[in-house]
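Participant: Sequence:
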Amino acid sequence: MPIELRRLRALRLAWGVALCLAVSFGVGLPVPILAPVFAVLLLAMRSQPLPLRAAPALAVLVLLACGSGLLLIPLLRHAPVSGVLLVGVGVFLTLRYALKGGNGLLANLLVIGLTMIAAAGTSDFSLALSVVEALAKGMLLAVLGAAAAHVLFPEPADAPAQPAPPLLDSDQVSWVALRATLIVMPAFLLALIAPDQYMPLIMKAVSLGQQAGETRARHASRELIGSTLLAGLLAILMWGALSLFVHLWMFFLWVLLFVLWQGRRLYRAVDTRQSPAYWVSCLTTMLILLGQSVQDSAGGQDVYRAFAVRMALFLAVSVYASAMLIWIDRRRVRTA
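Note that our numbering has the sequence shown beginning at 10, numbered continuously upward.
These are calculated hints, taken from the structure and not from any lab test. Every residue gets a Cβ at the ideal spot worked out from N, C-alpha and C, and that includes glycine. Among the hints, erroneous ones may be present.
[To be verified] Here are the computed distance ranges between Cβ atoms for each label pair:
hint: 1; residue 1: P65; residue 2: R277; range: 32 to 38 Å
hint: 2; residue 1: A332; residue 2: G35; range: 26 to 32 Å
hint: 3; residue 1: G110; residue 2: L242; range: 30 to 36 Å
hint: 4; residue 1: A332; residue 2: R86; range: 37 to 43 Å
hint: 5; residue 1: L161; residue 2: L80; range: 28 to 34 Å
hint: 6; residue 1: L80; residue 2: Q57; range: 30 to 36 Å
hint: 7; residue 1: R282; residue 2: G111; range: 43 to 49 Å
hint: 8; residue 1: G111; residue 2: L246; range: 32 to 38 Å
hint: 9; residue 1: Q310; residue 2: R55; range: 18 to 24 Å
Use the sequences and the hints to build the structure in full.
Facilitator: What follows is the structure in structure tokens.
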């Protein structure tokens with residue numbers, strides 16, 4: 010890939026994410042960090058622009074995919090063991106579908122619906138509906154932001170398509186899907202206890218589950234913990250920079266700069282030993298941490314204490330995910 014094309018894609022990613030973040034916080038969306046996270050997925054997964062008519066279609070897709078979790082709420086309330094088992098089977102089949110070459114965005118939405126929406130609805134059905142609404146609005150804004158980024162930085166007509174990630178062997182797919190499911194489920198169980206506190210943890214666990222597609226367990230475990238630590242450091246640095254002059258446009262500019270720094274490594278405009286999945290996970294984790302801190306500040310909470318607790322939870326789930334990767338890999342070798 011020409012180096013100019015790599016830089017172009019990094020600029021497109023940075024502008025698309027920063028635009029979505031500025032608009033979502035500016036208009037006061039219910040969960041403003043969802044739009045930039047969706048923009049990362051849309052811009053990192055494909056280099057070609059989505060047509061604008063796809064925006065309402067994707068919003069409807071969010072409603073249908075994430076709304077699937079609403080169907081599980083009665084079962085989780087009245088037969089919790091059966092409900093949790095059904096959620097686990099659904100997450101496993103969804104991740105298995107994605108690993109076999111299925112649509113990654115659809116798989117992410119289905120996992121979010123099965124976990125985040127179902128967990129929210131167990132305590133308050135209206136909370137689940139509000140989360141589904143926030144997801145649909147976030148996706149709608151993400152498509153519009155990605156389209157604007159493609160207008161600012163259009164893909165050359167003769168540009169090669171982004172290489173698709175290699176598919177796993179058929180005998181590895183089920184094992185990798187199983188360990189990804191075991192990464193996601195503990196966060197889901199915690200969210201059943203306190204949905205409002207552990208929603209970001211589900212988003213982090215879903216990101217780790219997607220990142221766990223690496224077949225080399227020890228290498229993947231180092232990436233899981235490393236991406237979380239780097240994301241926390243970048244979030245701290247950006248919060249400190251934003252504190253110098255608190256304004257929405259400064260928020261936009263700092264996010265633009267930090268996403269561009271990571272995007273250049275994601276697209277290999279700068280040499281790096283880490284995989285693209287590492288940088289996507291790092292970027293989404295940084296956005297989640299930063300967005301939650303901004304909302305904590307607006308709500309009058311202790312930002313530093315909340316960040317420390319959230320970062321500790323993210324590190325704990327990353328360490329757990331790493332241990333699960335190694336354990337499942339050893340079990341697979343023994344049964345081979």
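Participant: If you test the structure against every hint from before, which numbers come out violated?
Facilitator: 2, 4, 5, 7, 9
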